[in-house]
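K.L.:
Build out the structure end to end from the sequences listed, making use of the hints.
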Amino acid sequence: MTDLVRGAVMKSKAGQRQRAQWRVVLVMLAFAVAYVAAGARMGMLALAEPEEPQLVRGGQLPDPVRGEILDRRGNLLAGNLPGWSLYADPRFIIEPRETAAKLAAILPDVPRERIEKLLTRESSFVWIKRPITPRQRQAVLELGNPGLAFAAREVRVYPSGRLAAHVLGGVRTAHEGVTFAELVGSAGVEHHQNDRLSDPSSLAEPLALSIDSAVQATVEDVLGTAVGYFGAKGGAAILMKVQTGEIVALASLPDFNPNQPRRPYNGEPAYHPRFSRAVQGVYELGSTFKPITAALAIEAGIVEPETMIDTKTPVTYGRHRFVDHGRVRPMQSVTEVVMRSSNIGTIRMAQGLGTQRFREGLKRFGFFVPTGVELAEARTARPRYPRDWTDLTTITASFGHGISISPLHLASAYATLANRGRLTRPSLIKGGTAPGEQVISPRTSAQMMRVLREVVARGTARRADVPGYELGGKTGTAEKTRPEGGYYDDRVLSTFAGVFPTSRPEYVILVSLDEPTDPDSGKREASRTAVPTTGEMLRRIAPLLGLRPQDAPEQPGYTVPVGLPADLDG
Amino acid sequence: MKYFTLLISVSALFVVVVWAYNVNYETRQTFDRLSTLRAEIAAEGEALQVLRVEWAWLNSPARLRELVRAYEGELHLTHLRADHFSYAGSVPFPPLELNPEELWPIPEAHQNRPEIPLLPFPVPRPNSGGSLQIQWSEQ
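Protein chains in written order, with my numbering: chain C, 2 to 571; chain G, 149 to 287.
For the record, the hints were derived by calculation from the structure and aren't laboratory data. Remember, it's a predicted structure, so these values are computed and weren't measured experimentally.
Far from chain G by the CB rule (all over 12 Å, computed), these chain C residues:
(1) A38
(2) D110
(3) Q137
(4) A175
(5) D325
According to the in silico footprint, chain G covers these stretches of chain C (three or more CB under 8 Å from chain G):
(6) 77-88
(7) 155-168
(8) 460-473
Think of the CB as a built atom: it goes at the ideal place given N, C-alpha and C, for glycine as much as any other residue.
P.N.:
Shown next, in the form of structure tokens:
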């Protein structure tokens with residue numbers, strides 16, 4: 002080997018050695034990294050404590066799904082209860098037929114065939130029943146079937162049952178999933194105030210209504226008794242505060258239990274249990290309209306309560322002829338016209354006003370628009386009246402026919418009469434609404450209160466007079482309209498609308514009975530049906546409202562001034 | 149000196165390690181307690197909700213009416229009526245043997261409204277300066 006060759010060999014040997022050393026360092030480094038990584042991981046595993054995901058101890062407080070509803074005294078009217086819904090995964094159900102039979106025994110309101118059909122379905126998820134009670138849940142758990150499971154739910158409950166059912170309405174479940182369910186109001190306040198009740202920022206503050214549970218229960222009790230006693234097909238009652246328009250009680254019969262699901266109904270739609278007669282129904286309310294006409298006439302300055310009106314000659318318009326019921330009296334004052342419910346006298350006042358002014362007046366009382374009360378149904382209760390308002394419409398509307406309004410419209414109008422003439426808007430929220438524009442003057446209002454007091458003290462509504470409470474009001478017996486046109490002879494809607502106490506008006510009360518008959522006399526007039534009902538109602542609710550009877554001295558008798566002209570046919 | 153510094157450092161490290169260890173465990177325990185408390189609060193809230201609904205159900209007017217009807221024989225509860233209102237003056241208070249300035253004009257009130265009977269059972273005298281004495285009325 003030459004030196005040259007040796008040198009080359011030596012060189013390559015040295016290069017090889019260097020490379021081998023480098024490799025060793027690399028391998029050592031790799032091992033070191035691996036050891037550190039493994040050690041770190043082991044350390045982490047050794048230090049960290051095992052934790053399991055926990056639903057209950059998650060830290061977040063469960064928020065109520067929907068705000069509660071209270072009455073004006075803070076009693077709970079609508080609340081939530083924790084509950085469960087039962088669902089199944091049919092793929093994991095063992096022995097579907099036997100399971101269905103066992104489930105049907107636990108859940109009495111779901112038929113066995115239905116459960117069997119659900120459990121044998123080609124699906125991975127079926128609802129079986131929602132909601133279920135704790136006892137039912139325990140029974141289902143004891144079946145031990147792996148395909149059955151529960152979803153936690155908040156259930157809306159109305160602890161007072163039927164109380165104020167038409168006010169509260171009800172809820173239904175929308176967008177239901179396993180982990181959540183949204184409750185949506187389906188009627189009444191629940192529907193109207195849905196945004197307020199489901200708003201997450203105000204869930205903790207309950208919604209306070211103007212309803213008083215005790216008064217509401219009494220009103221419902223008396224109305225129910227009256228509907229049964231007089232054989233009526235339905236009834237409605239409203240109690241409203243004059244100054245604020247707060248509705249203290251609002252009842253409608255037939256009613257329903259908002260805790261129970263809707264049932265199929267085959268009867269007449271007008272008597273559907275969910276139909277609120279006080280707010281939703283529009284009716285021709287008859288003579289209860291007369292004080293409105295009289296107030297407008299007094300306000301216009303064409304009559305005073307003492308002005309004498311010719312009530313002897315019937316009013317004729319075209320081929321229509323309007324007469325009074327009962328004894329014909331030649332001349333009556335405006336007070337007597339209202340007191341004895343004279344059609345002729347009222348028509349003459351409306352004719353004296355003229356169609357233009359009469360219609361304007363009704364408009365100011367709010368008779369042509371929905372009431373705007375906080376109920377979903379109120380928006381659809383649009384008063385019905387002829388599109389072409391003729392002089393004949395003025396004649397019929399003056400005594401409450403030809404124009405259909407809801408009882409709540411009438412109660413609001415009476416509240417306006419009583420509230421020193423300022424427009425009262427009904428409200429179901431505690432606090433009410435501020436009085437609106439001046440519809441009639443305070444003087445007319447005071448005069449009308451005395452006229453209404455006369456009706457109860459000496460007129461058609463004597464049976465409602467409760468000593469010490471100075472009730473004033475007006476009866477109305479309206480023949481019901483046939484669906485095909487015209488009026489029934491033997492079916493009436495008898496109504497009483499009143500104010501108490503008339504010297505210092507605080508409350509408006511309205512009672513309406515559908516097709517009542519007094520079993521003693523066989524009469525249908527309001528004076529025999531709605532009026533005694535109102536009297537009994539007043540007797541029982543006035544102490545609950547904190548009104549003590551006024552032992553006022555005997556009112557001086559009303560004297561009829563004679564000799565005033567009654568020339569009103571313009 | 150070198151060893152002394154080393155000793156100080158090592159013992160300081162030891163103290164810090166013990167302290168950190170304790171803080172770590174205390175924090176864990178606090179978290180644990182916190183979640184337990186939260187779960188308890190949630191459970192209490194749920195119980196409260198149930199109790200509120202139950203209370204409302206127990207006091208619902210329809211149920212109370214049924215109870216009044218059921219215990220008619222013992223309680224004799226009736227509807228509150230307008231003629232149940234009365235005057236404070238018609239309540240018979242005990243004999244007038246104390247300070248004459250504190251007297252209630254009962255005989256006068258009774259004369260004015262003789263139709264309201266004096267109560268034949270013991271009544272406490274109001275505002276008698278602390279001690280309520282129960283005595284039989286003169287009736």
